[in-house]
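What follows is each chain in one-letter form.
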Amino acid sequence: MKRKEKLEYADLTHILSPKSVAVIGATENPAKVGHAIMQNYIDVGFQGSVYPINIGAQGKIMGFQAYKSILDVKKPIDLAVIAIPAEFVSATIGQCAKAQVKGIVIVTSGFAEVGNQKLENALNKALSKIKIPTIGPNCLGVMDPRARNDTLFLPTYKIDRPKVGGVSFASQSGSVGSSILDLISAEGFGLSKFISYGNASMVDEVDVLNYLAHDKDTKVILYYLEGVKRGRQFIEAAKTATKLKPVVIIKGGITAQGAGAAHSHTASLAGSHEAYEAVFKQYGFITGDSLEDLLYFGKVFDTQPLTDGNRIAVLTNGGGHGVLATDAIYANGLALAEMSKRSERALRAAMPPIVNIRMPFDMSGEANATSYSKALEVLGDDPGVDAFMVIALFQTPGADENLVTTLIKFSEQKKKPMVVVSTGSAYTKSHTALMEASGVPVYDSPTAAARSLAALINYSRYKNGVEE
Amino acid sequence: MPELMEYSKANFLLKKYGIRSVGSKYVSTAVEAVQFAKGKPIVLKAISTRALHKSKSGLIQLNLQGEVEIKKAFTALTKKAGKFKPYKMQAQHMVKNGLEIIMGGNTDPQFGKLILIGLGGIYVETFKDFALRVCPITPRDARSMLNQLKSNGIIAPDDASKKMIGELLLKVSRLFYENDISELDLNPLILHDGTYDAVDLRILK
Numbered sequence: 084m085k086r087k088e089k090l091e092y093a094d095l096t097h098i099l100s101p102k103s104v105a106v107i108g109a110t111e112n113p114a115k116v117g118h119a120i121m122q123n124y125i126d127v128g129f130q131g132s133v134y135p136i137n138i139g140a141q142g143k144i145m146g147f148q149a150y151k152s153i154l155d156v157k158k159p160i161d162l163a164v165i166a167i168p169a170e171f172v173s174a175t176i177g178q179c180a181k182a183q184v185k186g187i188v189i190v191t192s193g194f195a196e197v198g199n200q201k202l203e204n205a206l207n208k209a210l211s212k213i214k215i216p217t218i219g220p221n222c223l224g225v226m227d228p229r230a231r232n233d234t235l236f237l238p239t240y241k242i243d244r245p246k247v248g249g250v251s252f253a254s255q256s257g258s259v260g261s262s263i264l265d266l267i268s269a270e271g272f273g274l275s276k277f278i279s280y281g282n283a284s285m286v287d288e289v290d291v292l293n294y295l296a297h298d299k300d301t302k303v304i305l306y307y308l309e310g311v312k313r314g315r316q317f318i319e320a321a322k323t324a325t326k327l328k329p330v331v332i333i334k335g336g337i338t339a340q341g342a343g344a345a346h347s348h349t350a351s352l353a354g355s356h357e358a359y360e361a362v363f364k365q366y367g368f369i370t371g372d373s374l375e376d377l378l379y380f381g382k383v384f385d386t387q388p389l390t391d392g393n394r395i396a397v398l399t400n401g402g403g404h405g406v407l408a409t410d411a412i413y414a415n416g417l418a419l420a421e422m423s424k425r426s427e428r429a430l431r432a433a434m435p436p437i438v439n440i441r442m443p444f445d446m447s448g449e450a451n452a453t454s455y456s457k458a459l460e461v462l463g464d465d466p467g468v469d470a471f472m473v474i475a476l477f478q479t480p481g482a483d484e485n486l487v488t489t490l491i492k493f494s495e496q497k498k499k500p501m502v503v504v505s506t507g508s509a510y511t512k513s514h515t516a517l518m519e520a521s522g523v524p525v526y527d528s529p530t531a532a533a534r535s536l537a538a539l540i541n542y543s544r545y546k547n548g549v550e551e
Numbered sequence: 109m110p111e112l113m114e115y116s117k118a119n120f121l122l123k124k125y126g127i128r129s130v131g132s133k134y135v136s137t138a139v140e141a142v143q144f145a146k147g148k149p150i151v152l153k154a155i156s157t158r159a160l161h162k163s164k165s166g167l168i169q170l171n172l173q174g175e176v177e178i179k180k181a182f183t184a185l186t187k188k189a190g191k192f193k194p195y196k197m198q199a200q201h202m203v204k205n206g207l208e209i210i211m212g213g214n215t216d217p218q219f220g221k222l223i224l225i226g227l228g229g230i231y232v233e234t235f236k237d238f239a240l241r242v243c244p245i246t247p248r249d250a251r252s253m254l255n256q257l258k259s260n261g262i263i264a265p266d267d268a269s270k271k272m273i274g275e276l277l278l279k280v281s282r283l284f285y286e287n288d289i290s291e292l293d294l295n296p297l298i299l300h301d302g303t304y305d306a307v308d309l310r311i312l313k
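So the protein sequences, as listed, match chains A and B. Under the working numbering, think of the first position of the first sequence as 84, with each following residue one higher. Under the working numbering, think of the first position of the second sequence as 109, with each following residue one higher.
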C-alpha cells in the first residue's frame, strides 16, 4: 500500500487505552489464540466492556454475552482485536468499519511473512478503504498496564507482566517483544506501553515512534527495529521524538539492500546498514549493540537525571573492581572525576587512615553504609563530579541492607546520576532487587554500568546541543 | 543504471558551489598536453564512462615532466584506452603530495541522499574510516562527522583545518542535495599546507 507522503500520524489512543473491546475469534477452546486473549482481559482486570465475537457463538463465551458478528453488538466499540484465520480477515475489516470501531489489532498471521502475498494484498486493499488505525497483522498487539489493556495471546502464567511505569517498548517482532517484556518485568522497571506491530500493513514505525514520543506517560522509548518503510518520514518523526525523550534503538536484520555493484567508493562504503547507523547518530537515537543494552540503557534513563558532564566519581569497596571500572570508564569516552581540595580534606577527616583519598575512591572491604553515605554527601556537592559509579560488593563484611538504604536515599534525591555495580549471586541479588525496585539502576559489571552512563551523557549532550 | 556525468559538466557544478578543482584541460594530441604543462609536471588521464576505476584500468599516468615523458605516456595511454572507446584524454596539473581523503554522496533506497567523509587513497577500503550523515547537514553535523573519524587528528589537526574541511563538507553536501544526481565521489581530495586539491571527480546522474 502506498502511504501518504505528507506527515500524518495514526492516533493509537483508542488501541492502547480502549473503553470497550471486541475480541473477534473469541472461543471457549483453550487451544485457540482467541481464548488466550479473552483470558488475559479477564486476568488483567480490564474495566471496560468486553464483547466476544464468534460466527458460531450462542449465549455466552467465557462468561460474556457473545455475538455472531461485530455488527450485532450495536454499542460503541473502541478496539477490535482480530484473531481469526487469515482468509477471513479482509472481510472482517469491512465489518469493523461499519461497526465504527476506533482501532483494530490484527493478531492473525499467515500473510506475507509466510509468502502469502495474495492474502496480504487483499488485506492492504481492505485497509486502504478505511481510516481506522490498524496494527498488524502477524503481531502480538499492544499492552497498556495503566489502562489494563492487553491483546497479547501469551498466558499470564508464562510471561510476567511488568508493573506500571514510564518505559515504553516497541517491536516489530513478536518474539523479541515478548522476551524483552518478560525481562523488563524481571529488571523491576515499570511499563507504560508495549506495541508489537508485525507486518505493519497500516500502522508502521513512523506512527509508533510519533505516538510514543507524544504519550505523556512514556519517559523512555525502547525500540527493536527491523526496518523502516518510510525513511524520510521516519527521520521527521525522529527529530521530534529524540528531543522530547530518550529513544534507545536496536536494529535487527542487517542485510545487504539494493542489488548491483557500487559505482563509486562512496556507494561501496555507504550501504544500508551504515545508512541506518548514520540516521540513528544524526537524529539523537541511543543505539545499543544487543538486546541487553535495551534493558541496561532503559533503566538508567528511566531513573536517573541527565548530565552533559563526563567526569565520573567511582566509589568502591573492592580495589580490583575500581581498576575495572576505570578501564570501562575510559573505554566508553568518559573520565574519572578529580576531587576538589575541599572534598579531599572532608574525606580525609572522615575515612580511616588506610584509605587513600583519590580516584577511584577505594574505601576498602571494611567500608559500610556510613562510609558510602559520607562519600556521596561530599562528592555529591563537588562541582568536579558529574556522575557516580558506585561499586557495592556485598561479599564484604561492611556491606549490608543499610548500604542498600543509603544508595536508595541518594538516588531519590536525583542530584547527580548514579549507577551501581554489584557482582554476585543469591545474597547479592536479594539486595540488588530491593535497589532496582526503588529506582536504582544496578549492573553486574563495570562495563555495563559505564556503557549505560555513556549512553545517558551522550544523549544529554545531543538534547542540549552540546558539541561532542 | 546511473550515468556518469561528463567531466566538464561535473567540474562546472563544482565551481558553482565554490569547490576548487585542480586545473585541467582536454587534449587531443600530445603536443597540446605539452603546451598545457608549460614545463611543470602533469598527470594524463584517459576518461571514459565505460571505465569507472581509472587506476585499476591503467588509464592514468602521474608526474610527467618534459616533452619526452609526456609524449611517451600519451602514446601508452592511447593504446590502453582503445578498449574503452569513446574516451577523452585529460591533462591535469600535478598537485603536491599530501593526505588523501574522500568526500562523496550516495543515495540510500530508504533515507535518500547521504554524505560521506573518510580517510582516502589506498586506505579507503582497508580501514573503512568514514562518517556518514543524511543530507542536508548542519555545521554541527559536519563537525560531528570529523570527530567521528579515527583519523580525525591526522585529517584535521588544528582548528583552521577543521574549519576548512567542515566548510568544504557543507558545500559538497549542498551540491549533492540540491542537484539531480545519485552518486558523487571526490576521491582523492588531497590536503596539504592548510588547503585542498580536488584531484578527481565522479558524478553519477
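Quick caveat, the hints were computed from the structure, so don't treat them as lab data. A couple of the hints might just be wrong.
Straight-line C-alpha distance at most 20 Å; calculated PhoX-like pairs for lysine-lysine [unchecked claim]:
#	chain 1	residue 1	chain 2	residue 2
1	B	K279	B	K124
2	A	K151	A	K115
3	A	K364	B	K236
4	A	K185	A	K246
5	A	K185	A	K143
6	A	K364	B	K258
Right, here's what the structure says about each hint:
With a C-alpha separation of about 10 Å, the suggested pair K279 of chain B and K124 of chain B falls inside the 20 Å cut-off, and the hint holds. Distance hint between K151 of chain A and K115 of chain A is fulfilled; the C-alpha atoms sit about 17 Å from each other, no more than 20 Å. For the hint linking K364 of chain A to K236 of chain B, the alpha-carbon distance of about 18 Å falls within 20 Å, and the restraint holds. For the suggested pair K185 of chain A and K246 of chain A, the alpha carbons sit about 27 Å apart, so the restraint of at most 20 Å is broken.
With a CA separation close to 24 Å, the supplied pair K185 of chain A and K143 of chain A exceeds the 20 Å bound. A C-alpha spacing of about 16 Å is found between K364 of chain A and K258 of chain B, which places the hinted pair at or below 20 Å, so the restraint holds.
Violation of the numbered hints given earlier is confined to hints 4 and 5; the remaining hints are satisfied by the structure.
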